[in-house]
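Undergrad: What follows is each chain in one-letter form.
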Amino acid sequence: MTNALMASLQPEQSADFPEIGPGDTVRVHQRIREGRNERIQIFQGVVVALRGGKSAGASYTVRRTASHGVGVERTFPLYSKSVDKLEILRKAKVRRAQLYFLRERSGKAARLKEKRFLKA
Amino acid sequence: MRGILGKKVGMMQLYDESGAVVPVTIIDAGPCYVTQVKTLDTDGYNAVQIGYDEVPERKLTKGERGHLSKATAPTLRELRELRYKNAPTYGLGDVIKADIFKEGDIVDVEGTSKGRGFQGGVKRHGFAGGPKTHGQSDRHRAVGSRGAGTTPGHTWPGARAPGHMGNERVTVQNLKVALVDAERNLIAVRGAIPGSRNGLVLVRDAVKKPPKQA
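Order-wise, the sequence lines are chains A and B.
Just remember that my numbering sits 7 ahead of the position in the first sequence, which is counted from 1.
Just remember that my numbering sits 717 ahead of the position in the second sequence, which is counted from 1.
Don't take each hint at face value.
Said to hold, decoys possible - Quick list of the computed label-pair ranges, beta carbon to beta carbon:
no., chain 1, residue 1, chain 2, residue 2, range
1, A, ALA11, B, ALA764, 32 to 38 Å
2, B, LYS926, A, GLU19, 30 to 36 Å
3, A, GLU45, B, ARG901, 29 to 35 Å
4, B, PHE835, A, ASP23, 55 to 61 Å
5, A, GLU45, B, THR850, 53 to 59 Å
Simulated from the structure, these hints should not be mistaken for laboratory data.
We put the beta carbon where it would ideally sit given N, CA and C, even for glycine.
Using the sequences provided together with the hints, build the complete structure.
TA: Rendered as structure tokens:
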């Protein structure tokens with residue numbers, strides 16, 4: 008549905024933003040403004056879904072397990088300027104695009120097998 | 718009353734300076750040409766007629782071509798009139814581009830809503846329909862009562878009923894202009910506007926929140 012006018016408005020991604028995929032364990036550094044102060048909040052977890060491809064409204068969902076085994080999912084806009092940095096800590100071998108099955112699992116059952124010997 | 722004709726391109730998401738996501742509709746706006754200027758003296762009221770959408774000459778009638786050549790405007794398909802309180806300052810053949818608006822302006826957008834065909838009362842007017850259970854059959858989406866009985870003995874004219882829905886003029890008021898680029902004939906407004914993609918729309922100053930000096 009993209010036409011030339013809309014394509015010209017496509018937001019730009021910062022150069023050091025890595026290519027992420029489902030199963031990646033990532034650390035999202037988000038800038039949070041509190042009054043006049045600005046600080047960085049880190050959200051670390053597994054990418055469970057990518058939505059919207061590369062479109063301007065695309066987003067990704069990160070799931071982390073907080074204290075007492077409570078799952079927390081946050082969805083970030085792919086081109087969000089408030090995300091200062093995104094690090095990939097680990098890549099996992101997964102066989103589906105959306106890892107929503109992790110919602111029903113916890114502890115050992117929620118582990119993902121690491122993808123090793125990656126081509127750099 | 719500033720106004721410009723355009724085509725709806727589609728919706729997308731943009732980011733504002735603070736990084737917040739803004740839902741916008743992209744409009745391919747103008748260029749429009751002033752095809753006729755009406756004043757109190759000549760026509761009894763003040764207005765500007767603007768034209769949009771260049772088409773091959775063969776698509777227009779001789780009358781239309783004559784009218785446009787008088788304004789030294791290209792062959793245009795769509796003509797609309799904008800009323801003015803005072804005598805308009807535009808001249809014949811003036812070009813109106815997207816830069817008549819700027820970011821932050823409040824505008825109304827007028828268009829033709831998508832046609833829905835013949836629709837029942839539930840979809841068209843928000844009727845509740847009938848009960849889903851308790852032995853009901855064929856009453857789930859019925860319109861119910863059409864009014865009182867022997868008195869008045871007929872259905873009131875204008876009573877809401879099933880019928881044709883959509884494909885009518887709809888105005889969405891008080892939309893904020895998110896982005897303007899006259900070079901690319903682009904206007905982006907915050908929120909949704911009526912009609913399908915490629916539908917003709919009129920973007921004009923908001924009636925209820927007019928600009929400071931107009």
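Undergrad: All hints are to be evaluated individually against the structure, with a verdict given for each.
TA: Hint check:
1. A:ALA11 x B:ALA764: 32 to 38 Å: At roughly 34 Å between Cβ atoms, ALA764 (chain B) and ALA11 (chain A) fall inside 32 to 38 Å, so the hint holds.
2. B:LYS926 x A:GLU19: 30 to 36 Å: The hinted range 30 to 36 Å holds for LYS926 (chain B) and GLU19 (chain A), with Cβ atoms some 33 Å apart.
3. A:GLU45 x B:ARG901: 29 to 35 Å: Holds - the Cβ-Cβ distance for GLU45 (chain A) and ARG901 (chain B), about 34 Å, lies within 29 to 35 Å.
4. B:PHE835 x A:ASP23: 55 to 61 Å: The hint (55 to 61 Å, Cβ to Cβ) holds, given that PHE835 (chain B) and ASP23 (chain A) are roughly 56 Å apart.
5. A:GLU45 x B:THR850: 53 to 59 Å: holds, 57 Å
The structure shown violates none of the earlier numbered hints.
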